[in-house]
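This note's numbering puts the first residue of the sequence shown at 1447, with every later residue one more than the last.
Misleading hints may appear alongside valid ones.
What follows is a list of derived Cβ distance ranges for each label pair [to be verified]:
1) 1584 to 1715: 34 to 40 Å
2) 1665 to 1747: 16 to 22 Å
3) 1522 to 1584: 27 to 33 Å
4) 1493 to 1748: 37 to 43 Å
Within a straight-line C-alpha distance of at most 27 Å, the following computed DSS-like cross-link-like pairs (lysine-lysine) qualify [to be verified]:
5) 1714 to 1697
6) 1540 to 1488
7) 1714 to 1540
8) 1735 to 1725
9) 1540 to 1716
Hints are computed from structural coordinates only; laboratory data are not their basis. All of these numbers come straight from a predicted model, not from anything done at the bench. Note that CB positions come from ideal geometry on N, CA and C, so glycine has one too.
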Amino acid sequence: MAPASLTRHADGSRGVVTKEYSGVTSTAANDVIFTLVILREKMRPLEQRDLILLRDLYPADDIADTPRGTPYIHFYQFQFEWLRDTARCFVLSKIEHRELSPRTLTAYISRLVLLETCLRETYANPRIEHVTQGFISETFLNWGNARRLAGKNWYADVCNMVQYASGYLPNKGWVDIKIDKRNLRRVEGMWPGGRGYQLKVAERSIPEDVVERMFQRLDTLDTVARRLLILDRYTGMRCSDLHSLDFDCLKDDPDDTRFMILTFYQSKVKRWNTKPLLKEDAAHALVIKTIQDQQQDVLRAWGRRTTYLFPTRWGDGEAPITASYSRKVINLWIIAQRINDKDGRPWEFGWHGLRHFYGTELALQGHDIALIQMELGHASADMTMVYINRRLQLKKKALLEKGGGKFIDIKGQVDERMTDLAVRKEAALAVDVPGGLCALPGQLGDWCEHNRACMTCIHFRADADQIAFFDRERGAITRTIARLKQEIAGFRQDGRSRMAEIGERRLAHHEALLVNLSTIITTIQAEGSYRGDTRRYQRPACRSGGEAPPQAPGR
């Protein structure tokens, strides 16, 4: 039977076609020639090689998610020696400063080749003197726009290379060139025409009904693809990290038998992530079982412990299965199972859409920003805010589910401005905190620096539905106050006045916290609805207004 593949029709719909493929045309002679070329290039210094193996540029962990067919880069696309040397120096410089990942390296070099293509079409005998400020700002820009090149990187990358050459390579004949960054606004095809760029942020997530139908029919999916789907659904890993999981990624927690630890490398942020999995949790238990089943199958098929959890044979060695292959398998399965979108077309599956689904699900469950950031492995909270602020369903939750719109401050008064804070200008300005919301405007990059001080803060708004949480907190604080009183008495008896003073400050903070908690609980139990004054916050560090205590609460 001929292998099946996906095709896209003129109207945007997709279908399945079968093709007959001929055998591989490569011969042993080709392999020998390629090996000789590599050996010849390795005799040269790195900065003079026209062909460079990726393992000579990146650590092994970074290369794991690179397509298997391109274990090297080359600069043979550049016919002009002066431009080839410039591109090589520029690319190696960016790699040295960790500004280029191996996954984007090939496409990056291909965009730099566009400068040579434009020069060839403009001049009969292009020289380095032809690359001037006017050529880049007018000729090259108009040339790219006329060919409807997608995105803006085709222009920005060439501009960066030319500016690098004019600043660091004047000995190679480059003149000083100043390029106005505002020229980027003149790029006509600012966004690629792919489906992902045309969707709004909320639409990039897989719809809940599609995910539900996929998991209802999961038994009919290929075993490896099914396991990948389960792991991504309940961990939210990036697809490159998921497919490159180590065989020994799952280990017992040495400190707590109730947990297991999932460890994986995050290629985008260049660091390892550890994820605790609770054995008693149904989703975590499924993840644990899926990994263990895959390990057993690999041991039976390979007869040994492989490097990767999802290996495939590549020559005499192994390589991780690629995300493009697993995505193709899942899309063919979706078409066969008739899992359609709202327009009746087969859903176009993408791994990142499942990651968006997981992040949105965490936000809808009320988890705070810090936890979602750790779960998704974001380098900053700014990216995490995509899952918090820009979901219509989350805005409705802030209005309807969080205490029915009743948010109580530490004085026992209801702040009805929370509706405006929760939904305003496409950004949620009320940030989830344990027990309710924070009324401090949570603009991107503007976060509270006080740890666990919410219930002594004038910006805290308690959720009327979480009275059980406040009861537990009051009990814990009552026990803490009793312990602190005993410690202070002991310090006084031992003559340790300094420690006694510190303990008294902590005691005063906890007593104030207990009063506020009691007020919140009494208000919720009695009526749950009071109308009172509200206070507006302004950062005292840069302008007047807003009260700041002389010492951070709880410090």
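Could you check the hint for me, namely that residue 1493 and residue 1748 are 37 to 43 Å apart, CB to CB?
-> Taking Cβ atoms as reference, residue 1493 and residue 1748 lie about 40 Å apart, which means the hint holds.
Under the criterion that the straight-line Cα-Cα distance not exceed 27 Å, is the pair residue 1714, residue 1697 satisfied?
-> Since the Cα atoms of residue 1714 and residue 1697 sit roughly 24 Å apart, the hinted pair holds (cutoff 27 Å).
Is 16 to 22 Å right for how far apart the beta carbons of residue 1665 and residue 1747 are?
-> Given a distance of about 21 Å, which is inside 16 to 22 Å, the answer is holds.
Could you check the hint for me, namely that residue 1522 and residue 1584 are 27 to 33 Å apart, CB to CB?
-> holds, 30 Å
Residue 1735 and residue 1725: Cα distance at most 27 Å?
-> Holds - the C-alpha atoms of residue 1725 and residue 1735 are around 10 Å apart, at most 27 Å.
Taken at face value, is the distance from the CA of residue 1488 to the CA of residue 1540 at most 27 Å?
-> holds, 21 Å
Range hint 34 to 40 Å (beta carbons of residue 1584 and residue 1715) holds or violated = holds, 39 Å
Going straight from one Cα to the other, do residue 1540 and residue 1716 come out at no more than 27 Å?
-> Judged against 27 Å, a Cα distance of about 16 Å means the pair holds.
Has the given pair, residue 1714 with residue 1540, been kept, meaning a C-alpha gap of at most 27 Å?
-> Answer holds: residue 1714 to residue 1540 is near 16 Å, not above 27 Å.
Going down the numbered hints, you'll see the structure goes against none, and every one checks out.
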